[in-house]
Amino acid sequence: MSFKCASVISVFRSMFSPFFLIYYQLIDFFQKMDAHEGVADAAIRLVQELKHNPNIIPPYDATLMRQCIDTLNRLYDQNARSLMDPTGDPTISPEQITTQREQRTAAIIYIWRCTTAYIHERACRIRSLRWRFGGILPISIRVGFIFTVIF
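Sequential numbering of the sequence shown, starting at 4, is according to the numbering used here.
Simulated from the structure, these hints should not be mistaken for lab results.
Predicted, not measured: the structure shown is a model, and the values here were computed from it.
Quick reminder that beta carbons are idealized off the backbone N, C-alpha and C, glycines included.
Take these hints with a grain of salt, some might be off.
The calculated lysine to any residue pairs, modelled on SDA-like cross-linking and capped at a C-alpha distance of 25 Å, are [to be verified]:
no., residue 1, residue 2
1, K54, R130
2, K54, T119
3, K54, A126
4, K54, L132
5, K54, Q70
6, K54, R133
7, K54, Q99
8, K54, V42
9, K54, D44
10, K54, L75
11, K54, E124
12, K54, W115
13, K54, R128
14, K54, P97
15, K54, I100
16, K54, R125
17, K54, T66
18, K54, D64
19, K54, I129
20, K54, L67
21, K54, D73
Derived Cβ-Cβ restraints for the label pairs, each shown as a range [to be verified]:
no., residue 1, residue 2, range
22, T101, R130, 40 to 50 Å
23, T101, I122, 14 to 24 Å
24, P57, T101, 36 to 46 Å
25, S96, M68, 34 to 44 Å
26, Q51, P93, 34 to 44 Å
27, R133, Y113, 29 to 39 Å
28, R130, E98, 40 to 50 Å
29, I72, F136, 45 to 55 Å
30, R135, T102, 46 to 56 Å
31, P62, F136, 17 to 27 Å
32, G41, A126, 19 to 29 Å
Please model the entire structure based on the sequences and the hints provided.
Written out as structure tokens, the structure reads:
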């Protein structure tokens with residue numbers, strides 16, 4: 004009887020071992036991907052934060068907004084430097100410089116749209132709460148707001 008169980012377990016392991024190998028490879032891949040953040044990851048997290056909480060208003064995430072603003076400033080400064088000094092790096096061709104500028108501009112627009120959508124959606128949710136509860140919001144709702152949003 005124990006021999007029969009052992010053979011079933013060995014057959015089970017042999018059948019599913021490729022899947023476990025792929026599973027562990029995927030986990031390793033995503034752990035490596037987490038170490039390398041993209042340019043717009045903070046902006047995407049802002050939008051996802053509101054999307055995952057459709058019925059509530061999560062607290063204003065000032066750290067992610069600050070990261071987005073810093074990224075916008077950094078990308079804008081890089082574009083300005085490449086426009087002011089087009090011969091900055093002689094190893095890069097002019098086509099590559101133009102492509103880099105266009106990619107930075109696209110990233111700036113994307114981050115700007117995500118942060119604007121975050122602020123607009125929060126404003127819409129606050130407006131709907133004001134219509135529902137009246138001009139003065141209950142304290143239990145105001146807990147996650149910053150001071151300027153309340154008034």
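Consistency of the hints with the structure:
| no. | hint | verdict |
| --- | --- | --- |
| 1 | K54 - R130 | holds, 17 Å |
| 2 | K54 - T119 | holds, 14 Å |
| 3 | K54 - A126 | holds, 14 Å |
| 4 | K54 - L132 | holds, 17 Å |
| 5 | K54 - Q70 | holds, 19 Å |
| 6 | K54 - R133 | holds, 21 Å |
| 7 | K54 - Q99 | violated, 36 Å |
| 8 | K54 - V42 | holds, 20 Å |
| 9 | K54 - D44 | holds, 15 Å |
| 10 | K54 - L75 | holds, 23 Å |
| 11 | K54 - E124 | holds, 10 Å |
| 12 | K54 - W115 | holds, 17 Å |
| 13 | K54 - R128 | holds, 12 Å |
| 14 | K54 - P97 | violated, 41 Å |
| 15 | K54 - I100 | violated, 36 Å |
| 16 | K54 - R125 | holds, 11 Å |
| 17 | K54 - T66 | holds, 18 Å |
| 18 | K54 - D64 | holds, 14 Å |
| 19 | K54 - I129 | holds, 15 Å |
| 20 | K54 - L67 | holds, 15 Å |
| 21 | K54 - D73 | holds, 23 Å |
| 22 | T101 - R130: 40 to 50 Å | holds, 43 Å |
| 23 | T101 - I122: 14 to 24 Å | violated, 32 Å |
| 24 | P57 - T101: 36 to 46 Å | holds, 41 Å |
| 25 | S96 - M68: 34 to 44 Å | holds, 36 Å |
| 26 | Q51 - P93: 34 to 44 Å | holds, 42 Å |
| 27 | R133 - Y113: 29 to 39 Å | holds, 31 Å |
| 28 | R130 - E98: 40 to 50 Å | holds, 47 Å |
| 29 | I72 - F136: 45 to 55 Å | violated, 31 Å |
| 30 | R135 - T102: 46 to 56 Å | holds, 49 Å |
| 31 | P62 - F136: 17 to 27 Å | holds, 18 Å |
| 32 | G41 - A126: 19 to 29 Å | holds, 27 Å |
When each numbered hint is compared with the structure, violations occur for hints 7, 14, 15, 23 and 29.
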